[in-house]
Amino acid sequence: MATAPVLLDNSHEDPRRRAPLVLGEPDFGAITEQVCAIVEKPKPPRAWYVAFGISLTLTGVLFAMIGLLFLQGTGVWGLNMPVAWAFDITNFVFWVGIGHAGTLISAILFLFRQRWRTAINRFAETMTIFAVMCAGIFPTIHTGRPWLDFYLLPIPNQMGMWPNFRSPLLWDVFAVSTYFTVSLLFWFVGMVPDLATLRDRAESRWKQILYGILALGWRGSGRHWHRYERVYLLLAALATPLVLSVHSVVSFDFAVAQLPGWHTTIFPPYFVAGAIFGGFAMVLTLLIPMRAYFKLENIVTTRHLDNMAKIILATGTMVGYAYAMEFFMAWYSGNPTETFVFVNRALGPYAWAYWTMVFCNVVVPQVLWLRKARTTPLALFVVAMIVNVGMWFERFVIIVTSLSRDFLPSSWGMFTPTWVDLLTLFGSIGLFLTLFLLFMRLFPLFAMAEVKSVMPQGGLDIGPHHGHGQYWGEIPRQHETQFAEDDR
Amino acid sequence: MDTQLPDIFQEKRLLGEAGDTFWRRALAVGLIALAASVALGFAAGDHGRSFFFAYAVSFAYVLSLSLGALFFVVLQHLTRAGWSVVVRRVAEGVAATLPVLALLFVPILIGLHQLYHWSHAEAVAADHLLHGKSPYLNVPFFVVRWVLYAVTWGLTVRAFVGRSLAQDASGAPELSLEMQKRAAPAMLLFGLTLTFASIDLLMSLDAHWFSTIFGVYFFAGSVVGFFALLAVLMLMLQRAGYLRHAVTVEHYHDIGKLLFAFIVFWAYIGFSQYMLYWYANIPEETGWFLRRQTNGWGWVSLLLLFGHFVLPFVALLSRAPKRNRKVLGAVAAWMLVVHWVDLYWIALPELRPQDPLPHLVDLTTAVGLVGVWLASAAFIMRKRSLVAERDPRLAESLGFENA
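Protein chains in written order, with numbering that gives the first Met the number 0: chain A, 0 to 487; chain B, 0 to 402.
Check each hint, because a few of them may be wrong.
Here are the simulated DSSO-like cross-link-like pairs (lysine-lysine), alpha carbons at most 27 Å apart as the crow flies [unchecked claim]:
1. A:Lys309 - A:Lys206
2. A:Lys371 - B:Lys256
3. A:Lys206 - A:Lys294
4. B:Lys256 - A:Lys309
5. A:Lys309 - A:Lys40
6. B:Lys180 - B:Lys132
7. B:Lys180 - A:Lys309
8. A:Lys371 - A:Lys309
9. A:Lys309 - A:Lys294
Per the computed footprint, the stretches of chain A lying under chain B, defined by three or more beta-carbons under 8 Å from a beta-carbon of chain B, are [stated by the list, open to error]:
10. 47 to 58
11. 67 to 77
12. 252 to 265
13. 451 to 457
If you're looking for bench data, these hints aren't it; they were derived computationally from the structure.
Cβ atoms here follow ideal geometry from the backbone N, Cα and C, with glycine treated the same way.
Model the full assembly from the supplied sequences, consistent with the hints where possible.
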């Protein structure tokens, strides 16, 4: 690995030429070394152990809380009438939302020919998979009788019992499982060439077998690449509507109801924009420390951060637009209950949650209008953290405030989370991080083959050609192994 | 890989005499049709209501296409797009008609009382809901808002079209950066003005009804209409010998993809609005759709479902039709028709809930406004190059290929 040269700031735009996306002029071999090193080092850095220890502990807490829930029943949670949906659905929507950035980056930005996506797509897709897994936990456990969860699926049975096809909760089952399946396929297919690289470099037998199986016999022939590009394009086209459909269906859970604060037509696109907003914030939250720690500034450049910050700003503005539209229409509709719900959000007993949400989602992201904030990793990290919090509160505000005070003042009631609620939420963050930390030690966290395709040697800049990638083969390994002496 | 780029300066890129003939003819046709519409409006004996509704529909139509063009232009700068440089100037020409539309808005002001129930003081006094909305829905504020929209759009046109033309002369890349810088706030203002303009012009025709997604619905339709228009205009210009080499099948392919994407987006937004109101089944919300499903209007709704979504979806799904000028041109021309039907479907049930078929005045007004509007676009473009000929990303656009 070449010692890191001083990298130029590629976030400045010169309309006459496209800025380089990989800095320091490395060759293909250097990229391979750099990315594979994270996986191939015999021992992960100490910080990894610390992080893994914490997140594994939290995961343990999550499963303890789930165990407690199954033993005692849903009474261990704070929810009760009228707030019969609280943390479980909030966490579900929060995690599904996080799972949106990955497929947006890999599918939609691919169709839009945003080449910078290559540096972050694997990272974000991995996050998507794990976030959707975390999301899946909550609907499964919230019934309190998870052994009956197969009722969710339309399985022919002697009792003639079918799920209610008119319920958006059932549509959720289809939407989320479809999304998960396609995202998983997309993620895996995209990883095949990189898995082959790891296989070819693997030095222990079990690694050769493991990566060998996963690489599906990839040899990097022209025909392989041709098929791969085709499949990638088709999967991108299939995944694109899914990015919109999942969170639209999630929004239907609320919007089909007659409850003021839930029932409004802008919910589907508003939820999608919010999901992308929150998803990108989570990508940045994980990416910025990782980029600094593993010195990946030449792959994930300032320009990448700048672009991601702009997407956060754009989607955050859409979310702000939806907040404003809801408020305006609540008044314009002339429906007193509708108006009340919105005034109640801003001034009622949950005003603290509402203003936390507004502060985190609308006020703070405005600093991203400043170039300086978009290109300073620390500032961006802080904003992303705040947005994560804000997006969780957004779901909490929508769900809990609307339920706690609806049409009849006599049936109003407050929700207070119990320690089990809180620990389940924190535990799910632990599970997410645990899976992520394991992944980064086992699989390539950056799409090496795709990053190479946007380097000058990738040939995309030769002549009029734009696309996913032309790959002209791996440059032979130049550094036999940087870590050869550590290996044995 | 062909690195030989067409030389833009060899292209026929000034409208010239043909343009002069075109705008004169279009203006004549437009004015005659508008005069006929006014006559038909008087003849109808309904205090001009049928004329003003017809006018509102077709005004919304040309406005939506110009706004779609403005959105496209701003978006290209916001995203630093390269592929679209060779077609951007035509979009700029369409967007530049917005100041002309400010003049064409005057008849709406004249017909305010014929169009909008909320503009009658006695109606507001008798209707508790309208009374509640009167801080927003009142004539002076309506006028103030439209002045604000007109100023915002006018300034946006000047900021982007003006700099683009200046770049033709100077070739300065800094101008691209200036436009990029202005693109984000321009987009924000565009979103807000378009939303409230659509609420004012169309949604408030039924002042009781409301939908938070209405602005997005109008936006989606506008962009569909614009991409259809762009495809048709480029095909017509190329047939007349302009930009023969600069615009290739690759650009049509991209326009086709975007047209397809926004057709799906329109359907998604339309479905969201309909499904959520249908499902909750609250009378104050479903009434609007009920009028569009009964007394024959259901057929128009079905025409939109199939004509504005299913058929073009199937037609444009594959790669080949988007790269076939005839097919793309036919679908685009069809979309321009159904986009008008969409606006007709939004407005006219408020006037004629019993009678879905367009009257003659609807058609003559459409011809009139489109004629005047096209004439103004051609007039604005008569001395301008049809391509942003010294844009720093022009070479990228000329050499553009879909992988």
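Violated hints - listed by number, lowest first: Numbers 1, 2, 5, 6, 10, 11, 13, in rising order.
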